[in-house]
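Please work from the sequences and hints to get the whole structure.
Number of protein chains: 2
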Amino acid sequence: MPNECVIGVDVGGTKILVGIVRRDGTVAARREHRTQTESQDHLLAQLDAAVEDLLDDDVVAVGFGIPSRIDQRAGRVVASANVPLLDVDLGDRMERRFGLPIAIENDANAATIAEWAAGAGRGTRHMVMLTLGTGVGGGLILDGRPYRGSIGAGGELGHMVLEYGGAPCQGSCTGRGHLEVLASGHAADALARTLLGARATAHDLVDRARAGEEPSREALTELGRRLGAAIGSLVNIFDPEVVVVGGGFAAGAGDLLLQPAREIAAREALVPARDVVRIVPAQLGPEAGLVGAGLVAFEVLDAAA
Amino acid sequence: MPNECVIGVDVGGTKILVGIVRRDGTVAARREHRTQTESQDHLLAQLDAAVEDLLDDDVVAVGFGIPSRIDQRAGRVVASANVPLLDVDLGDRMERRFGLPIAIENDANAATIAEWAAGAGRGTRHMVMLTLGTGVGGGLILDGRPYRGSIGAGGELGHMVLEYGGAPCQGSCTGRGHLEVLASGHAADALARTLLGARATAHDLVDRARAGEEPSREALTELGRRLGAAIGSLVNIFDPEVVVVGGGFAAGAGDLLLQPAREIAAREALVPARDVVRIVPAQLGPEAGLVGAGLVAFEVLDAAA
Chain A
6 MPNECVIGVD
16 VGGTKILVGI
26 VRRDGTVAAR
36 REHRTQTESQ
46 DHLLAQLDAA
56 VEDLLDDDVV
66 AVGFGIPSRI
76 DQRAGRVVAS
86 ANVPLLDVDL
96 GDRMERRFGL
106 PIAIENDANA
116 ATIAEWAAGA
126 GRGTRHMVML
136 TLGTGVGGGL
146 ILDGRPYRGS
156 IGAGGELGHM
166 VLEYGGAPCQ
176 GSCTGRGHLE
186 VLASGHAADA
196 LARTLLGARA
206 TAHDLVDRAR
216 AGEEPSREAL
226 TELGRRLGAA
236 IGSLVNIFDP
246 EVVVVGGGFA
256 AGAGDLLLQP
266 AREIAAREAL
276 VPARDVVRIV
286 PAQLGPEAGL
296 VGAGLVAFEV
306 LDAAA
Chain B
6 MPNECVIGVD
16 VGGTKILVGI
26 VRRDGTVAAR
36 REHRTQTESQ
46 DHLLAQLDAA
56 VEDLLDDDVV
66 AVGFGIPSRI
76 DQRAGRVVAS
86 ANVPLLDVDL
96 GDRMERRFGL
106 PIAIENDANA
116 ATIAEWAAGA
126 GRGTRHMVML
136 TLGTGVGGGL
146 ILDGRPYRGS
156 IGAGGELGHM
166 VLEYGGAPCQ
176 GSCTGRGHLE
186 VLASGHAADA
196 LARTLLGARA
206 TAHDLVDRAR
216 AGEEPSREAL
226 TELGRRLGAA
236 IGSLVNIFDP
246 EVVVVGGGFA
256 AGAGDLLLQP
266 AREIAAREAL
276 VPARDVVRIV
286 PAQLGPEAGL
296 VGAGLVAFEV
306 LDAAA
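First to last, the protein sequences are chains A and B. The working numbering puts the first residue of the first sequence at 6, with every later residue one more than the last. The working numbering puts the first residue of the second sequence at 6, with every later residue one more than the last.
I should point out that these hints are in silico values taken from the structure, not numbers from a laboratory. In this text, a Cβ means the ideal position worked out from N, Cα and C, and glycines have one as well. Treat the hints with care, as some may be off.
Estimated spans, in silico, between C-beta atoms of each pair [said to hold, decoys possible]: (1) B/Asp280 <-> A/Ala54: 30 to 36 Å; (2) A/Gly202 <-> B/Gly128: 55 to 61 Å; (3) A/Thr42 <-> B/Arg28: 54 to 60 Å; (4) B/Asp148 <-> A/Ala309: 17 to 23 Å; (5) B/Gly128 <-> A/Gly290: 42 to 48 Å; (6) A/Arg101 <-> B/Val276: 23 to 29 Å.
Looking from chain B toward chain A, a few residues come up when the C-beta cut is under 8 Å (computed) [stated by the list, open to error]: (7) Leu147; (8) Ala158; (9) Gly159; (10) Tyr169; (11) Arg231; (12) Glu246.
Sample of chain A residues lacking proximity to chain B, with all beta carbon distances greater than 10 Å (derived) [unchecked claim]: (13) Val32; (14) Gly128; (15) Asp212; (16) Gly253; (17) Leu261; (18) Glu304.
Structural data, given as structure tokens:
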């Protein structure tokens, strides 16, 4: 079909982006909604309405990117960060509701697929992505295709142990010293409060560092070094062509974070993988999740054909 | 060809195993040589002679498993542990010498492929292997095939950062706090010397622990917990069906190491991946490298066909 398109839905803790996505990753009819986090029922009703708002005869599938861990055997949402989705067979439910192929994907996986198809990883076959927002998400393109693991729960790169026996991790995670607790926007918020006062955030830390204030600059350098150690591990594990760093916190901090990350990654990574990898910022910005949600809908559509 | 077979060569720091390997992973005409480590020329001459000794008309390819980092773009050995192989295009050289398809593979990758085809990972599509010997090697089977990375240097799981800013790593590695320096046989040797005296080794540590001596038992438990933290990371990254733990040190220590590893892996790994993974010992023992070297020779043969 020449006009065939999908609806992509990117579900975040504060807002939901919805749009018509085409195979080339372009977006039309983009809408933004404030996330209804009162209850799962409220949120599901909001998702239904958001999709129906854009539904027409050219729409052949729907993809959802959600901040969740998913068991793809049933499209089941097992756990979520910042949204009330828990123990729900979201894939089955949406299929019954709309009678269309439905993709349910972790938001960081969706962003990874978007950056691979239309952003910083275009043309590569081996790409690792980290998204630094409130938490740290991850995604993998291996041997030229998205990698999801045995039940679709892989790519949780924010939950690599970076400090054995270190600080307890966030949310429902029982681990210690994970990358997520050491180098997320949330970790930056904590450093900002220590340095700049009880109401300061990661945003303030970046502003002060850009203005040349040394303590804030050093705090970002330390966060970047931790990120770099994790990237070094990932280079040794995957020997990728490119490591893409995205997410709101990383986008704001830019090279204040990426430059120290590159330095430590070079120390931790082995030759020859170290010499071929590029460590680069994401290109699609906050639209990556929406584009990726659409692209996985096409993937499910094609797999069903 | 009904009789077609390959020669597998497993090159270790102390001995070289050579054998005729069939497609089902069975080995015939097994030979063992003491590794000549005087120089690269000595070792290459020894490898030539070891292959020629078993060469006949049924041999259709030769595979080498070596304790090295390899750039597969040219079959180039970039760095090695415990053997004098450095900056040599081993693949090209052996192809010229024998006029047969040649596979050059990292020894831990070879062992992984063997355990997948004929050992503890049989029947799976997502398998992670760690080999605990003097160092820590790793290998990956992802989506039903061996994963090597963009230039064949992937799977270096011993060089994941487990303790950010920790102790310097071994050999030519410039990293810090890597799994290899925290949970290898070498690390166990160091603990044994501290606990049991200057001449004690990992082997003594295991003997004393089995005899019920609490300090030795605790030392192995701590090594197992470190291993478990790394396994937890790997479960979060890969969502594998199985994690196979092999290598001489792990084989000797058995559940003294694996049981604490399972406990900490369960703490560090996320639901739902945590609930589907099995953490099991390798099955093929010291023969894994030889079998794997043969199987990668078949892989190269088939790819050329």
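Item checked: Distance rule for A/Leu261, whose beta carbon must clear each one in chain B by more than 10 Å -> holds (19 Å)
Next item on the list: Return the status of the interface hint for B/Ala158: holds when the least beta-carbon distance to chain A is below 8 Å, violated otherwise.
Entry: holds (4 Å)
Note to self: Range first: 17 to 23 Å. Now tell me if the beta carbons of B/Asp148 and A/Ala309 are that far apart.
What the structure shows: Between B/Asp148 and A/Ala309, where Cβ atoms are some 19 Å apart, the hint holds.
Check: Could one say that the CB atoms of B/Gly128 and A/Gly290 fall in the range 42 to 48 Å?
Finding: holds (43 Å)
Item checked: Beyond 10 Å from every chain B Cβ - status for A/Gly253 -> holds (22 Å)
Note to self: Assuming the hint says 54 to 60 Å, is it satisfied by the Cβ distance from A/Thr42 to B/Arg28 or not?
What the structure shows: For B/Arg28 against A/Thr42, whose Cβ atoms are near 57 Å apart, the range 54 to 60 Å holds.
Notebook entry, point to check: Between A/Gly202 and B/Gly128, does the beta-carbon spacing fit 55 to 61 Å?
Noted result: With Cβ atoms ~58 Å apart, the hint holds.
Check: Do the numbers back the hint for B/Gly159, that is, is its least Cβ distance to chain A under 8 Å?
Finding: holds (4 Å)
Check: Do the numbers back the hint for B/Glu246, that is, is its least Cβ distance to chain A under 8 Å?
Finding: At about 5 Å, which falls below the 8 Å cut-off, the nearest Cβ of chain A leaves the hint on B/Glu246 intact, so it holds.
Note to self: Verify this label for me: A/Asp212 is non-interface relative to chain B, using a Cβ-Cβ cutoff of 10 Å.
What the structure shows: holds (27 Å)
Notebook entry, point to check: Does the interface hint hold: is B/Arg231 within less than 8 Å of chain A, judged Cβ to Cβ?
Noted result: holds (6 Å)
Checklist line | Claimed clearance of chain B by A/Gly128, with the beta carbon kept past 10 Å | finding: Given that every Cβ of chain B is farther than 10 Å from that of A/Gly128, nearest at about 12 Å, it holds.
The structure is consistent with each of the numbered hints, conforming to all of them.
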